[in-house]
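Enquirer: If you want the building blocks of each chain, they are given just below.
2 protein chains.
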Amino acid sequence: ISDSAMFAAGIPSILASLRGVSYMQVDVCGPSADLHSGSYGGAVINPATELARLLASLHHDDGRIAVDGFYDRVREWEPDILAQMRELPFDDERFRAETGAPALGGESGFTTLERLWTRPTCDVHGFLSGYTSEGAKTVLPSTAMAKLSCRLVPDQEPREIHRRIEKHITQRARRGITVKVTYINGCRPWRADVRGPLLNAARRALLSVFPNEPVIVGEGGTLPIVTELEQTLGTPVLLAGFGLPGHNAHAPNEWISDENIQLGARAIAALWDEYASEKRNGS
Amino acid sequence: ISDSAMFAAGIPSILASLRGVSYMQVDVCGPSADLHSGSYGGAVINPATELARLLASLHHDDGRIAVDGFYDRVREWEPDILAQMRELPFDDERFRAETGAPALGGESGFTTLERLWTRPTCDVHGFLSGYTSEGAKTVLPSTAMAKLSCRLVPDQEPREIHRRIEKHITQRARRGITVKVTYINGCRPWRADVRGPLLNAARRALLSVFPNEPVIVGEGGTLPIVTELEQTLGTPVLLAGFGLPGHNAHAPNEWISDENIQLGARAIAALWDEYASEKRNGS
Numbered sequence: 004i005s006d007s008a009m010f011a012a013g014i015p016s017i018l019a020s021l022r023g024v025s026y027m028q029v030d031v032c033g034p035s036a037d038l039h040s041g042s043y044g045g046a047v048i049n050p051a052t053e054l055a056r057l058l059a060s061l062h063h064d065d066g067r068i069a070v071d072g073f074y075d076r077v078r079e080w081e082p083d084i085l086a087q088m089r090e091l092p093f094d095d096e097r098f099r100a101e102t103g104a105p106a107l108g109g110e111s112g113f114t115t116l117e118r119l120w121t122r123p124t125c126d127v128h129g130f131l132s133g134y135t136s137e138g139a140k141t142v143l144p145s146t147a148m149a150k151l152s153c154r155l156v157p158d159q160e161p162r163e164i165h166r167r168i169e170k171h172i173t174q175r176a177r178r179g180i181t182v183k184v185t186y187i188n189g190c191r192p193w194r195a196d197v198r199g200p201l202l203n204a205a206r207r208a209l210l211s212v213f214p215n216e217p218v219i220v221g222e223g224g225t226l227p228i229v230t231e232l233e234q235t236l237g238t239p240v241l242l243a244g245f246g247l248p249g250h251n252a253h254a255p256n257e258w259i260s261d262e263n264i265q266l267g268a269r270a271i272a273a274l275w276d277e278y279a280s281e282k283r284n285g286s
Numbered sequence: 004i005s006d007s008a009m010f011a012a013g014i015p016s017i018l019a020s021l022r023g024v025s026y027m028q029v030d031v032c033g034p035s036a037d038l039h040s041g042s043y044g045g046a047v048i049n050p051a052t053e054l055a056r057l058l059a060s061l062h063h064d065d066g067r068i069a070v071d072g073f074y075d076r077v078r079e080w081e082p083d084i085l086a087q088m089r090e091l092p093f094d095d096e097r098f099r100a101e102t103g104a105p106a107l108g109g110e111s112g113f114t115t116l117e118r119l120w121t122r123p124t125c126d127v128h129g130f131l132s133g134y135t136s137e138g139a140k141t142v143l144p145s146t147a148m149a150k151l152s153c154r155l156v157p158d159q160e161p162r163e164i165h166r167r168i169e170k171h172i173t174q175r176a177r178r179g180i181t182v183k184v185t186y187i188n189g190c191r192p193w194r195a196d197v198r199g200p201l202l203n204a205a206r207r208a209l210l211s212v213f214p215n216e217p218v219i220v221g222e223g224g225t226l227p228i229v230t231e232l233e234q235t236l237g238t239p240v241l242l243a244g245f246g247l248p249g250h251n252a253h254a255p256n257e258w259i260s261d262e263n264i265q266l267g268a269r270a271i272a273a274l275w276d277e278y279a280s281e282k283r284n285g286s
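So the sequence lines, in the order shown, correspond to chains A and B. Quick note, this note's numbering runs 3 ahead of the 1-based positions in the first sequence. Quick note, this note's numbering runs 3 ahead of the 1-based positions in the second sequence.
Among the hints, a few may not be true.
Unchecked claim - So the derived list for chain B, only partly shown, Cβ under 10 Å to chain A, looks like this:
| # | residue |
| --- | --- |
| 1 | S35 |
| 2 | L38 |
| 3 | G44 |
| 4 | T52 |
FYI, nobody ran anything at the bench for these hints, they're computed from the structure. Quick reminder that beta carbons are idealized off the backbone N, C-alpha and C, glycines included.
Construct the complete structure from the given sequences, taking the supplied hints into account.
Expert: Right under this line is the structure:
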């Protein structure tokens with residue numbers, strides 16, 4: 004599968020991990036209708052305030068996720084892969100400028116690439132409650148909702164993560180509101196075995212057309228087909244793509260260089276010979 | 004001014020307090036555009052998560068407001084007024100049923116009426132961020148906003164409360180976002196002097212047409228005209244209204260009983276004589 008990018012121009016890249024996802028919606032209900040915040044405020048639990056409190060409880064101050072058992076199934080990465088990842092010429096400032104955020108941030112003790120490729124997350128995608136137009140309306144809203152998901156790393160399970168978040172939130176909900184945490188969808192995370200004959204063949208094939216040794220990279224996003232193919236066909240899946248950083252994946256003006264189309268096609272052609280030869284030698 | 008209600012049928016009521024309000028909007032900005040939560044999640048500070056954390060920081064777990072100096076100007080109530088308030092036949096369960104909430108709640112150590120009439124609040128009126136429609140969209144939102152206000156009690160000042168909240172929030176904002184707390188509008192709280200000649204006259208006038216002694220009540224809402232009248236005319240303001248609980252104030256099907264219109268008119272007519280006689284005796 005070539006639905007991925009090279010780490011940098013001239014550096015062929017084998018994608019060794021994808022994060023999974025567990026997506027859910029949180030609904031908080033309080034009074035049966037919006038109330039006047041003067042006549043009722045202070046004596047009725049506010050669903051918007053409560054939802055904010057529940058969402059805030061999902062993280063510790065150091066960025067670590069505070070949900071009981073959340074990290075239980077997180078598998079350690081091989082130290083040599085981590086070491087190689089730390090040596091990749093990644094530019095935090097260029098990445099920050101790409102996002103437009105005033106600064107980067109995340110779980111303490113990890114580099115940006117580790118945060119993106121090797122660590123799970125819990126992100127709010129949106130929330131809505133009460134009055135949100137111009138000016139002032141002094142309503143005490145009857146409901147509040149949020150969309151959130153966790154990006155997962157091996158061997159976290161989407162439905163188990165949903166159950167853990169659901170338990171965390173419902174246990175902390177105050178009397179005076181009801182809360183529901185609904186599973187919307189999910190996908191398992193994925194890690195390649197970077198030591199088998201397929202990967203050896205891929206390394207040689209890539210090196211035969213690109214000027215540098217291939218590097219192992221991760222990806223923070225999700226490709227649900229990968230685990231499906233592995234499970235259904237019972238065979239390893241190789242991911243090596245030929246896009247370049249800034250190629251606007253899935254966005255307007257997505258592009259790929261002419262040169263990389265040529266080089267990529269030659270590398271894939273070479274892969275079949277290399278893999279056949281690996282299999283012959285290995286058998 | 005008769006823009007208030009009686010505590011119960013047959014119990015004439017003098018309104019001795021109104022809460023003020025300080026209304027503001029909180030805007031959090033992070034990345035310059037919404038980002039893919041897989042490709043960026045974990046390494047970029049999420050404005051929605053941050054806004055939730057900042058809103059959650061406004062209260063302690065016991066419902067007390069956690070903003071430095073927030074209670075500094077709160078004036079103690081006279082013990083005899085508080086004692087009379089505790090004796091009013093207020094039915095928490097009826098009030099709860101009226102709201103439709105599963106339970107009441109608020110600042111620890113206070114009754115429902117004290118929470119509504121004598122204590123300041125901090126309520127979220129609404130918030131909005133990112134994706135809030137059906138199903139799933141894995142966006143890391145670039146902005147998040149909330150409307151909130153504090154109901155104030157004497158002698159809290161609307162603009163001072165805004166500055167305190169602004170300081171609380173901006174001090175706690177992480178690098179990776181910018182935050183703005185914009186004052187929208189406000190109104191000072193009000194307390195009547197319940198011991199002067201005007202109040203004595205009102206008590207006698209009300210007792211002359213209703214079957215019970217008048218009670219002193221408070222109100223959680225705001226009537227900006229009251230402080231304006233006092234300041235502009237330099238004279239005390241009396242609030243005694245003749246609506247009944249459940250009269251749907253400001254709502255569809257607002258109503259007042261024929262009997263209370265008659266009794267109220269007679270009480271107000273009596274008030275002028277009583278007040279004139281008070282002034283004669285007092286001078």
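Enquirer: When the hints from earlier in the document are held up against this structure, which numbers fail?
Expert: none
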